[in-house]
Amino acid sequence: MFDWRWDFTFEILPRLIVATGNTLLAAGLGYAIAVVLGLVFALAQRTPFRPLTMVVREAVEFIRSTPLVLQIFFVFYVGPQFGIRLSPWTAGMIAIGLHYAAYLSEVYRGGLESVPKGQWEAAKSLNLSTARTYFRVILPQALPPSLAGMGNYLVGIFKDTPMLSVIGVAELMHTANAIGSETYRFLEPFTLVGIIFLCISLPTAALIRVFETWVRRKLGLG
Amino acid sequence: MSYFEFLGQYGDRIASGTLITMALTVLSALLAVAIAVAAGLMRMAPNMAVRGFATVYIEIFRGTSLLVQLYWIFFVLPLFGITLEKFTAGFVAVGMNLGAYGAELVRGAILSVPKGQWEAALALNMSPAKRMIRVILPQAVLIMLPSWGNLLIELLKGTALVALISVADLMFQVKQINGTTFMSAESFGTALIIYYVLARFMITPFMRWLERVMMRKMGRA
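Chains A and B, in that order, give the protein sequences. Take the position in the first sequence, starting the count at 1, then add 117; the result is the number in our numbering. Take the position in the second sequence, starting the count at 1, then add 728; the result is the number in our numbering.
Quick caveat, the hints were computed from the structure, so don't treat them as lab data. In this text, all values refer to a predicted model and were calculated from it rather than measured experimentally. Cβ atoms here follow ideal geometry from the backbone N, Cα and C, with glycine treated the same way. A portion of the hints provided could be inaccurate.
[To be verified] Here are the simulated distance ranges between beta carbons:
no., chain 1, residue 1, chain 2, residue 2, range
1, B, Phe-808, A, Gln-236, 53 to 63 Å
2, A, Arg-326, B, Asp-740, 48 to 58 Å
3, A, Val-327, B, Ala-851, 14 to 24 Å
4, A, Leu-243, B, Arg-948, 30 to 40 Å
5, A, Glu-329, B, Asn-878, 14 to 24 Å
6, B, Met-854, A, Val-153, 49 to 59 Å
7, B, Leu-758, A, Gln-198, 32 to 42 Å
8, A, Gly-235, B, Met-772, 34 to 44 Å
9, A, Ser-298, B, Gly-947, 54 to 64 Å
10, B, Phe-929, A, Ile-312, 50 to 60 Å
11, B, Ala-777, A, Pro-168, 53 to 63 Å
Whole structure, please, built from the sequences with the hints as guidance.
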């Protein structure tokens, strides 16, 4: 194909594979933050304290309708203005974690709303505390319907990590860019990045579907 | 410098960036809709080659990042003799990416049109094209419009990435302003609010309006 150089390809491949590790690490860390924080957002919207629910609701809407790349810049550059210095990794993880927490909170919300009302009433009549009701009765039933959405966003966060390159996180896209500006060859690095993304996201998406049916079968949901 | 002085000084640049962002959004939305309908229909074609082509397109664009696609179109495509101006490269990348997501919406909506509608059209001896255009698609549009609302917000957010190939959109302008003034909270904060306003007070109401118009047209209001 055109002037694709295989020797160059094999020369840069190790660097790209190392960077893939960073991409996976960023996606994993960001997702871990999002999974926990998303649940906090979802539960906060169910408290009886109106001002809190409204503020969280608006914040989630705000985060969901503004670009992630802008949020990354915001978190990274606004801190120093007030004397807080964040490393690119910290800022990136906060931004991407918050962004996906907003998305995941919507997924959890759907799951929580799908738990039949009778379950609440039953827990109440058994005199379970609110915390106990959530952890032992409601959440175990709310999670399976949320799994599909959670899986989609796992792949989503992975595909959004290249945006971290804008503040200098040395992930895949950042490395490909660096190789491009060192060697003036963009064809191989950028194409390889695309191929690496495909090689990870397509099987992951398939695995998630398998896992989802497995969980549903385990729980006797068909 | 107070915030009002900041707005006074940089207001026009922010406004011109916002206009570029809106233009990008409209152009890439048109492209995305066209691609989504074409790829969504091709996905269901009886011909294996056509179906395969659409599947490969959708999987590639959904399986990689928009940023990767944007860089590829802007930096690599010229090596194949296709040089796009950066504004064009920007909206083409966003449109092709979101078009792939939209194709799945189109396919899902068409499949969820009740079977009786297909059979009725067949019984009336409509040609396949006529059946699709007169009977199936209008009902599919009604089914998929709410999802398109979300997709268009994703698209608006996607256009912010074109700043990275120096298209002078809102994101690019505030990045430049931040670079000269170091007023990060003001510059990036303003842009965040503008994106939010565009999404919630322009795209969402527009889609609601479109849903109502379509409902009325279909006699379901």
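Among all the numbered hints in the text so far, which are the ones the structure does not match?
-> 3, 4, 10
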